[in-house]
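Residue numbers (numbering that gives the first Met the number 0), protein chains in the order written: chain A, 0 to 362; chain B, 0 to 291; chain C, 0 to 231.
By construction, these hints were calculated from the structure, which means they are not laboratory data.
Note that the structure is predicted; figures quoted are calculated from it, not measured.
Ideal placement from N, C-alpha and C gives every residue a C-beta, glycine not left out.
It is possible that some hints are incorrect.
[Said to hold, decoys possible] Which bits of chain C does chain B cover? Going by a derived footprint, with three or more residues having C-beta under 8 angstroms, they are: (1) 72–79; (2) 97–111.
[To be verified] Anything over 12 angstroms on all C-beta distances counts as not near chain B; from chain C, calculated: (3) G11; (4) V13; (5) E25; (6) G48; (7) R56; (8) S88; (9) Y114; (10) S132; (11) S179; (12) L180; (13) A211; (14) Q213.
[Claimed, not checked] Away from chain B, derived, C-beta distances all over 12 angstroms, residues of chain A: (15) G102; (16) A111; (17) P133; (18) G158; (19) F178; (20) W183; (21) G208; (22) A224.
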Amino acid sequence: MTSTDPALREPAPGRATSAVRRAVGENTLLRSLVLVIVVGVALLLLSDVVTTYRDLQLSYGAYYFCALAGLTMLAGTSGQISLGHGALMAVGAYTVAKLRNTGWPLVPELAAAVVVTLIVGIPMGAAASRLRGPYLAGATLALAVGLPALADKFPSFFGGENGLSVNPSTPPASLGANFPLERWEAWIACAGALIVLFALYNLMHSGLGRSMRAVRDDEIAAGLAGLRVGRMQTLAFAISAACAGLGGGVFTLVYQSAAPGSFQLQLSLYLLAGVVIGGLGSLVGAVWGAALLVFLPNWSTDLANSFSLSTNVSHNLPLAIYGVVLIAVMLVWPSGIQGGVRALSRSRSRRLRGAGARSSAQT
Amino acid sequence: MTRFLDLTLSGISTGAVYAAVALALVLIWRATRVVNFAQGAMLMITTFIALAVINATGSYWLGFVAALLSGLVLGAVVERVLIRPVEGGPPLNPVIVTLGLYTLLVAVGGMIWGNTPRSFPAPFSLRGYRVGGTTLLFTPNDTFIVLIVLALALGLAVLFRATPIGLQMRAAAFRPEVARLLGVRVGRMFTLGWALAAVAGALAGVLIAPSVFLGPNNFDPILISGFVAAVLGGLDSPPGAVIGGLVLGLALSYVSGYEGSTLVPLAALAILVIVLMVRPTGLFAATRERRV
Amino acid sequence: MLTVEGLTTDYGAVRAVDGVSVQVGEGTITAVLGANGAGKTTLLRTISGLVRPRAGRVSLDGDELTRLPVEEIVRCGVAHVPEGGGVISELTVEENLRVAAVWRRGQAARPDEIYDLFPRLRERRTQPASRLSGGERQMLSIGRALVARPRILLLDEPSLGLAPLLVAQIMGFIRRFADSLGIGVLLVEQNARSALSVANRGVVLNLGRVVADQEPHQLAADERLRHAYLGF
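The following block holds chain A by itself, in its conformation from the complex:
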């Protein structure tokens, strides 16, 4: 007996559109391509209408997204925590810096950043796959604190405290002589973010993603069911490392330098806050997290200024807010913003169904 509630009646689609929608709905690859194209066009238009300062922020958001998306996939889909992703961004950043200074062009050097961090990520992932929860957190924490020391140990190669500086990537002549550098960098950064989006969307919606979630939920059961637990976790770690590496490479291009001071433990903690507040395992959540990381420092400075707080306070305010975010989200809203959105939409559809049942009972 079909309900007469208009909210529940299936809309009668045109046959052509329904066929297209079915095809896209079933095919993850197609869906992700559509997504990337839509988002890409939107970003393109956005970068054209906003100021160069906003273009710069768009770049920041894009490279944060690369690292955050990788980390949220690792923590949410694969169930592994990493406090070392700031260090992995550093690997990508320094790779691009060194190659750029020896004359490599744009795309190969970014590809190299991905490859190098992927290679670094494999043994790390293999080690990480054997560690659980707090042990993994502790080991990656030790990495985040220890890795910057390498820059001190080999100062000539890594440029020491001041790091390495690079020449910016200039926009191609075909775009015109007055094309702003910031917009070009935003395009590069967003391209990187779109690549990460495409790759991770496909990964998380594929059979591999399902297997990772099975491992996350019950390792023993998954192993008994024939899943190669260690291999899967290593793969997840390596891929998330590669995403962070791409983000780090873009970072170097945007800041035109790679220095140890930019990749301290704090960065890894900011990344963690970003994925936690966005919701673990959610790519949309990574967007929220990137927005947080881009806008929070400015907002907190404005806040500090409007209350005329001392420099000590304003200097430490963003850090304090991140700490509060991490604690508060875990205590109050463990699934983060995206989890909250999902919960809201679930309760909304429940209410609609309830309304439907009531009205059909009346008829």
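Fit chains B and C to the supplied structure of chain A, relying on the hints for placement.
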């Protein structure tokens, strides 16, 4: 030869401090199955409080006591307010909460006391003992450090083995649900565990502060070393924490002496990775999966 | 007198205990029987406070126990021996006994009194409880429950995994405690025959509901009931 002796002695002294931090981490792990990543930041705060009291009253020992007392309170409050809601849930949640607490405390420390490092007084002489014609790298203050950490370890051992409340704490740690059925107020035992652990951490803070300038981020390496020491000895084993601390202190002392101090964090990381790969439960583990 | 009225407890989406009412008088043994999954264990866990009920009341001599924290219910004189005994393996036999005595302070039974009841445990007093055999563990868990001199004893399958001779021994012990110490016992068992041999009353649960509440000889005489729910 004297170099080796010097490094050994100073390794014992720093090892004692690592042992205290490791004890704090082990106590909390045993009780609530949480690694307290905020331990370093907590002991930073209590050490700053000690410094404030010392500056206000002119007495080292008042500051010392203030550190321990504020540790007691801080540990209890943190467990009751922040950790209790996430105990027993997904293991990732308390990790994130303690990391958030670490971040918040470092920020608060910077807000209240600023980011420029300050010096902290030592209660005993910092001049090395004179043996024969040479001056050792071991000072009366180092003797104090080693003795008081030993006293802490022994005190905790007596508490756990020979007192009713220690027995209740152990029961609550091993099998909390059964302990509740035996009339143990398990929640209070957890709070007490965290409070005692924070006292151990606060002690480590004031002991190491004279040699490490006091600043919000200066205690990060201590946390890492304490964690490595705890893992080395076995997260479930208080005696393991003490031995792990001493072993790590010696190892890092040799690395620092023969290879330079910049390599120390990486050496700690290397030791951690080796232990986790080869014998993840630590040297002294008799652990099993914790049942409820 | 322990009185349970209309107790209802959910276990996730499943209603594990559905409107159960039962009474346990001083010095009597009430056996709670039924197949696996009938809700017997959840019933005990709700009474001792490990699980919150959805509805219903638990009271001891008129004092309301429902929704009190476990530690308070224990302090009212209720002792619960969980499935498997709940012996703390990392502690010694004596430590297991002593920890139960702490809240009771001076009024608790001393370990010696328990060793008089279970001499086997005296030999093993300083050994870690992990080294005990199955039967010794059950003795320790029951002895430990008696340390705080409870008024009500909740026993969850004390015969589990034990040889028939030991089962008979344990049932005999339980009957003696009930008689000599005036303890009211709520005895959950799958081994219906041995439980009914010492019980004053038998309550049969199926899918969380009480399907029979009679004296043991009446239950044993009802063939349909025996075959359907009690397995003999």
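- Which numbered hints turn out to be false for this structure? Of the numbered hints given earlier, those the structure breaks are 6, 8 and 17, listed in rising order.
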